[in-house]
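Peer 1: Here is what each chain is made of, one letter per residue.
2 protein chains.
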Amino acid sequence: MLIDGKKISDDIKREIAQTVESMLAQGKKRPHLAAVLVGHDGGSETYVAHKIKACEQCGFKSTLVRFESDVTEQQLLDTIDKLNNDNDIDGFIVQLPLPRHISEQKIIEAIDYRKDVDGFHPINVGRMSIGLPCFVSATPAGIMELLARYNISTKGARCVVLGRSNIVGKPMATLMMQKHNPGDATVTVCHSATKDIKKICAEADIVIAALGQPGFVTEDMIKPGATVIDVGTTRVPDSTRKSGFRLSGDVDFANVEPKCSWITPVPGGVGPMTIVSLMKNTLHAACHDIYPE
Amino acid sequence: MLIDGKKISDDIKREIAQTVESMLAQGKKRPHLAAVLVGHDGGSETYVAHKIKACEQCGFKSTLVRFESDVTEQQLLDTIDKLNNDNDIDGFIVQLPLPRHISEQKIIEAIDYRKDVDGFHPINVGRMSIGLPCFVSATPAGIMELLARYNISTKGARCVVLGRSNIVGKPMATLMMQKHNPGDATVTVCHSATKDIKKICAEADIVIAALGQPGFVTEDMIKPGATVIDVGTTRVPDSTRKSGFRLSGDVDFANVEPKCSWITPVPGGVGPMTIVSLMKNTLHAACHDIYPE
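Listed in order, the protein sequences are those of chains A and B. Residue numbers for the first sequence follow this note's numbering, so the first one is 4 and each next one is one higher. Residue numbers for the second sequence follow this note's numbering, so the first one is 4 and each next one is one higher.
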């Protein structure tokens with residue numbers, strides 16, 4: 004059965020919009036997300052456009068700060084300083100990747116962790132690991148939300164996470180192993196050095212694929228009845244599309260789908276949930292319910 | 004074969020003492036660790052005494068700040084503030100557990116992360132997770148050091164971590180999966196909700212047991228030739244000892260030892276390495292080589 008990330012994300016955006024309505028009715032300010040976009044990478048342009056559109060749907064104010072790709076690190080740091088100190092801005096993101104002459108880590112650490120709605124700052128990463136309230140990075144948070152809304156049983160389940168990135172694989176593993184629902188799973192993290200990856204996957208009740216390798220997860224790697232979460236969004240050339248490409252997940256959907264009990268499509272699965280999780284984090288920032296004022 | 008944590012820790016203490024000698028010869032100040040001890044818990048008293056003795060062996064200055072168990076949270080926070088601002092103190096620890104009326108998390112977060120040689124502050128936890136320079140908590144760091152000094156192959160190895168605590172299980176899993184040597188292993192974290200824990204353990208090339216359940220890991224859970232790291236140190240009543248107790252690991256040592264290729268004893272395995280890792284962190288703090296001044 005399909006896990007409909009598009010539908011769930013639409014539901015959540017409506018819930019957020021209602022909350023914003025009642026905040027405004029109580030005389031509170033409108034939540035405000037800013038995004039910093041450097042250069043003209045196609046993927047980044049699309050992501051930021053989707054985030055701004057989601058802000059509109061949620062009733063948030065949004066601000067886009069654009070730079071050409073020759074912006075200096077210092078200019079970017081100055082911008083972050085301004086956003087940190089702008090009381091109207093509740094949260095902001097710097098869209099990654101950045102040009103090579105800029106240290107992404109330095110930029111991330113310059114963001115006030117109380118406005119770090121991407122959840123990339125070490126304080127938020129650490130608090131997530133310890134199990135303290137924090138901004139959880141958007142993709143893992145979105146996947147947890149899908150598992151919760153579809154009532155997918157995770158306690159004691161074997162969960163295999165494919166990939167150990169800082170923004171998906173590692174936080175995903177941490178969230179899935181926490182004593183919490185969803186969570187409480189027995190988690191194995193596989194990566195490029197893993198041997199027998201097919202065999203390990205085939206033992207899993209839940210497979211979360213975040214490798215960025217189109218079609219990596221094949222039918223023989225999936226236990227009948229398993230839940231498959233596909234985080235991959237690789238642009239694959241496709242001359243039949245107007246854009247010249249299509250998004251491909253890490254899962255061979257056509258052959259895996261008949262075998263598993265639940266599966267997220269690409270697009271329309273994890274992608275929309277990632278954006279809506281950013282919206283939820285922005286709402287938390289505006290309400291100061293993670294970090295009190 | 005025995006992994007001799009006692010010997011390795013003695014070697015490292017000698018290495019540290021030599022480094023301190025040359026620091027003093029260069030006119031630098033002597034590294035200085037402070038420990039805050041609340042109450043009279045037997046285990047805590049022993050750990051702190053061992054840490055102070057290790058300071059002497061390394062040529063460090065040490066300061067013990069003692070409070071009765073009725074100390075208020077505010078008194079403790081005031082002490083931390085003083086230690087944070089004392090330029091002679093390079094690093095300090097607050098020995099856990101604390102009495103129930105004091106929030107351990109609040110105390111940990113009050114410590115300046117640049118002096119947090121226990122590596123418990125969210126900034127250090129987050130930086131460790133991301134793979135940035137930081138104070139790594141002492142037990143996981145000590146285990147990584149043992150694996151390195153015994154040249155135990157970890158790349159692509161199946162590693163099972165038993166336990167998901169914030170100070171051992173979770174950081175251990177993160178370190179073992181990082182693209183690094185030691186590390187680069189395929190890590191599975193097991194805990195109280197895990198099903199088939201015996202079967203999962205039996206597939207592991209490396210088992211790291213940190214459950215605090217004496218004798219939990221039995222011979223049938225160990226693959227022939229595996230490496231077994233025992234983090235357990237539970238006090239078990241023993242009338243034949245002068246102290247009235249003995250330390251028991253999580254591993255049924257007598258029966259597991261003949262089957263595995265490497266094993267840490269309790270005591271004399273992970274324990275001394277934990278203390279020596281604290282010494283290494285203190286040396287890093289004194290040299291400001293993780294967080295520049």
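Please note that a few of the clues may not be correct.
Which copy? The list can't say, so a pair holds if one copy fits it or any two copies do.
Unchecked claim - Capping the alpha-carbon separation at 25 Å, the derived lysine-lysine pairs in BS3-like fashion look like this:
| id | residue 1 | residue 2 |
| --- | --- | --- |
| 1 | Lys85 | Lys202 |
| 2 | Lys245 | Lys182 |
| 3 | Lys198 | Lys262 |
| 4 | Lys9 | Lys201 |
| 5 | Lys182 | Lys201 |
| 6 | Lys198 | Lys182 |
| 7 | Lys202 | Lys64 |
| 8 | Lys182 | Lys32 |
| 9 | Lys201 | Lys56 |
| 10 | Lys109 | Lys182 |
| 11 | Lys182 | Lys10 |
| 12 | Lys56 | Lys109 |
| 13 | Lys182 | Lys9 |
Think of the hints as simulated: they come from the structure by calculation, not from any bench.
Peer 1: Determine which of the earlier numbered hints do not hold for this structure and return their numbers in increasing order.
Peer 2: 1, 2, 4, 7, 8, 9, 11, 12 and 13
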